[in-house]
Structure formats: C-alpha cells, structure tokens
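Student: Take the sequence shown: its position 21, counted from the start at 1, is 21 in the UniProt record's numbering, and no numbers get skipped.
Take the hints with a grain of salt, since some may be wrong.
What the hints assert, rightly or not - Below, computed lysine to aspartate or glutamate pairings styled on EDC-like, alpha-carbon distance capped at 16 Å:
(1) K42 - D20
(2) K61 - E49
(3) K61 - D20
Derived from the structure by calculation, the hints contain no laboratory data.
From a predicted model like this one, the values you see are computed outputs, not experimental measurements.
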Amino acid sequence: MAELIYESMCFSDTKPIVIDGKDHLLGRLASTVAKQLLLGQKVVVVRCEAIIISGNFHRSKLKYMSF
Numbered sequence: 001m002a003e004l005i006y007e008s009m010c011f012s013d014t015k016p017i018v019i020d021g022k023d024h025l026l027g028r029l030a031s032t033v034a035k036q037l038l039l040g041q042k043v044v045v046v047r048c049e050a051i052i053i054s055g056n057f058h059r060s061k062l063k064y065m066s067f
C-alpha cells in the first residue's frame with residue numbers, strides 16, 4: 001500500500017517548478033530545491049552558471065570546480 005502512494009507521488013503530472021538561479025546563494029537555493037524534491041515536486045533550475053558561491057574564494061573554487 002505504501003509503495004503505491006509513493007509511486008503516485010513520484011510520477012505525478014504536475015508542472016515542474018522553474019527557478020532562475022541567477023544571483024542566488026548556492027546553499028540557500030539548494031535547501032529550497034531539496035524541500036520541494038522531498039515533497040515529490042519536479043524542479044528545474046535555469047541560469048545556474050550565475051549562482052553565487054560565498055565564502056573563501058580559493059577554497060570554494062577548488063571544491064566546486066573539481067566537479
């Protein structure tokens with residue numbers, strides 16, 4: 001029974017939420033997106049190359065640019 005409810009949540013026909021990532025902080029945007037994903041909502045982030053990474057520049061650059 002629980003599997004059927006979970007499948008219906010995952011494959012719902014709702015429209016995805018489109019988020020403009022420009023000038024948003026990486027961590028705050030990630031937490032917002034994660035909350036929506038846990039609710040079963042589809043999320044699309046556009047212009048993610050313009051997301052702001054705050055903190056120590058060198059440390060952040062090495063950590064996130066390694067991907």
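Student: Are the Cα positions of K42 and D20 separated by 16 Å at most?
Tutor: Holds: K42 and D20 sit about 14 Å apart, inside 16 Å.
Student: Under the criterion that the straight-line Cα-Cα distance not exceed 16 Å, is the pair K61, E49 satisfied?
Tutor: 13 Å, holds
Student: Holds or violated: are the alpha carbons of K61 and D20 at most 16 Å from each other?
Tutor: 22 Å, violated
The earlier numbered hint that this structure contradicts is number 3, and it is the only one.
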